[in-house]
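Protein chains: 2
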Amino acid sequence: MNVPAVSELAPPTRLLLGPGPSMVHPRVLRAMATPLLGHLDPRFLELMTEVQAQLRAVFRTENPFTIAVSGTGSAGMEAALVNLLEPGDAAIVVAAGVFGNRMADIVGRCGARAVKLEVPWGQVCDPARIEEALAREGKVKLVAIVHAETSTGAEQPIAGLGELCHRRGALLVVDTVTSLGGVPVEVDAWEADAVYSGTQKCLSCPPGLSPLTLSPRALEAVKARRTKVQSWYLDVGLVADYWAEGKRVYHHTAPISMIYALRESLRLVLEEGLEARFARHRRHSAALVAGLAALGCTPQAQEGHRLSSLSCVRAPAGVDEGAVRRALLADHDIEIGGGLGPLAGRVWRIGLMGESARQENVLAVLAAIEQALAKQGKAPRPGAAVSAALEAYAKT
Amino acid sequence: MNVPAVSELAPPTRLLLGPGPSMVHPRVLRAMATPLLGHLDPRFLELMTEVQAQLRAVFRTENPFTIAVSGTGSAGMEAALVNLLEPGDAAIVVAAGVFGNRMADIVGRCGARAVKLEVPWGQVCDPARIEEALAREGKVKLVAIVHAETSTGAEQPIAGLGELCHRRGALLVVDTVTSLGGVPVEVDAWEADAVYSGTQKCLSCPPGLSPLTLSPRALEAVKARRTKVQSWYLDVGLVADYWAEGKRVYHHTAPISMIYALRESLRLVLEEGLEARFARHRRHSAALVAGLAALGCTPQAQEGHRLSSLSCVRAPAGVDEGAVRRALLADHDIEIGGGLGPLAGRVWRIGLMGESARQENVLAVLAAIEQALAKQGKAPRPGAAVSAALEAYAKT
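If you read the protein sequences in the order shown, they are chains A and B. Position in the first sequence (from 1) plus 360 gives the number in the working numbering. Position in the second sequence (from 1) plus 360 gives the number in the working numbering.
Keep in mind that a hint or two might mislead.
Because identical chains cannot be distinguished in the list, a pair is counted as satisfied if it fits within a single copy or across any two copies.
Unchecked claim - Keeping only pairs whose Cα atoms sit at most 30 Å apart, straight-line, the calculated BS3-like set for lysine-lysine is:
1. Lys607 <-> Lys735
2. Lys476 <-> Lys499
3. Lys735 <-> Lys583
4. Lys583 <-> Lys499
5. Lys476 <-> Lys588
6. Lys588 <-> Lys607
7. Lys607 <-> Lys583
8. Lys738 <-> Lys755
9. Lys607 <-> Lys755
10. Lys499 <-> Lys588
11. Lys583 <-> Lys476
12. Lys583 <-> Lys738
13. Lys738 <-> Lys476
14. Lys583 <-> Lys755
To be clear, the hints were calculated from the coordinates, so they are not data collected in a lab.
Excised from the complex, chain A in its bound form (with noise of 0.2 Å):
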């Protein structure tokens, strides 16, 4: 067997501004250096406690099953799925972008029926279809719906969701992969039942955990199942005698430097101050949106309906798209994203999450989309880009 020549890992140094990863604060990859206690070291599972307040305040609820599942934010989609949803059950599906898309296959896998809820890529559900729905399916065990959009950068509102899907005896399954710890999530307060995220969005941790918290409607749920969850690995049952205080009974080995980063990136998002961190999501988006503009880019998402943590732009007519993230990439050490689906080769999606909200990034990105845009003759005057951010940080 010949042994493979794997040289010293020095990876260039990026500023992450597409759809996530986001940018991670040296305290938490210092965090993600330290040495490793063992999963069921009575330090670690305090720790675990720590781990768990710290997401309830993040996630504003008072779920006692709230945790972190061993695995990137799809995980955490398919552990509130899988737990929930037995075979013939019937789940309705808002499908507005790729994420809600998943979440139909998912069902499906599932066994269950999916009832899609189609919307075009960059709209929001108007509830009334929801409730609809719900008044036609007849017996419908939930409801699953996108927060935040990743491929549209379109913002659903979910308050009243809950309430409504509660009058028709279904649960409320919400995917906050792209908005929880940048844009207000109010688990308690929607009346959601399965909230599930991702670290390495606007909490601005490294992927691979899936913050998930249930409420006890939904463990109801789970304990009245007729059949064993699909899923060994994410069977909600059995990983929460892990994490529950007082059990703490061997499930798998957690992923220990991942729960060190990550109880290090909550306490960054909780000493900043929700508030505080939602503001400043807001303020950036809107003068990278400005900028944008100036640019000739309009956004994919409707008016009033648009994420602060993650902007999905249409390139300008004419644009080569791809050519200029290669360029973002080779001269200035910028990743953003293209586009996913229907928009692949229309879309720029440029993330200001966490740590990397600051306004250096907003002035960086627009510059260097500007010089871009200009290889291909298709840029205003230097500096149109970044004097329409700072006009729109000067109004705030």
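With chain A's structure known, arrange chain B on it following the hints.
Below, chain B alone, put in the same frame as chain A:
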């Protein structure tokens, strides 16, 4: 919402000699703290290719499909089984401890029928039993077996099993969580079709990834499925498109920092050389077992089939084994493991895996156990265990 008071991360410094996680080399900790690349960054995709080559060398396989699953070892177990099994399939599972039984549980959750070959804990399975079961059961999709049973310390011989399974049209699935990188694993020579491991054992990397390799035969079985894989997150058809060179289609956000760490830990493994590493595990294990024998501890695993990476020994008669483990942690910052299932309260599981397999650790844990036993009036003369270990070292 109350903001929980969470202090600076300052865990005690433990010597990790339990069943995993093992000690992590400073170079791997440093890799964990490296600022992140995006999961679609061209440089990150190169790093993934390097990790795949490293994993092939460590697994001793040419399998193109060789990746790291984004979850801990149990996620790798689940990935292997849910991709190969469909409802109605039959699977023969050797159940000789916790992890064999876990495989049988997952087989059931796939809607497949688990034919369990029960083996007393600590014993290994005679291949003749597998052959008989294959002959008796008719059409069997796969045989699942644990190479290194972490709950008993037994090493199951695997050589020959692939050929035996293939003759009957079955695939061979092997769990190498506690062997890969410390005890010879020979994926191609075994003709094994799906082999997975964990990072936090003999690879001495933090937990969070599960190396997985699938043979072309296994991939054909995946392609021939009539039903979708029940897990979206672990669907190797989708995951393969992200890991395949030339494709790299976004599936989920890879745990970037963990990939950095795995790459560095595999560099260390290959720098040392697999044969030298296996010899090192054997040498320290022999000294540990000799020292434990001087304390009246006998191995749980049958003679000739004892893992060098993990020793599972019976606590001396009349000893409160939990008190000994607590004393090790409190007085010496040393972690060792207790028993699982029927062995709870009866055995210790002492891991000398990867970076943990060092002479000073062997001496430290033996001295500490001796002192803890002395508190219970159950120790021989001071120094007996360490002397026995040094005599064993003198012979090698």
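How the hints compare with the structure:
| no. | hint | result |
| --- | --- | --- |
| 1 | Lys607 <-> Lys735 | between (62 Å within a copy, 28 Å between copies) |
| 2 | Lys476 <-> Lys499 | within (15 Å within a copy, 39 Å between copies) |
| 3 | Lys735 <-> Lys583 | neither (60 Å within a copy, 45 Å between copies) |
| 4 | Lys583 <-> Lys499 | within (19 Å within a copy, 35 Å between copies) |
| 5 | Lys476 <-> Lys588 | both (25 Å within a copy, 19 Å between copies) |
| 6 | Lys588 <-> Lys607 | within (21 Å within a copy, 36 Å between copies) |
| 7 | Lys607 <-> Lys583 | within (18 Å within a copy, 42 Å between copies) |
| 8 | Lys738 <-> Lys755 | within (28 Å within a copy, 77 Å between copies) |
| 9 | Lys607 <-> Lys755 | neither (53 Å within a copy, 45 Å between copies) |
| 10 | Lys499 <-> Lys588 | both (21 Å within a copy, 25 Å between copies) |
| 11 | Lys583 <-> Lys476 | both (27 Å within a copy, 27 Å between copies) |
| 12 | Lys583 <-> Lys738 | neither (59 Å within a copy, 46 Å between copies) |
| 13 | Lys738 <-> Lys476 | neither (40 Å within a copy, 67 Å between copies) |
| 14 | Lys583 <-> Lys755 | neither (53 Å within a copy, 58 Å between copies) |
Checked against the numbered hints given earlier, the structure breaks hints 3, 9, 12, 13 and 14 and satisfies all the rest.
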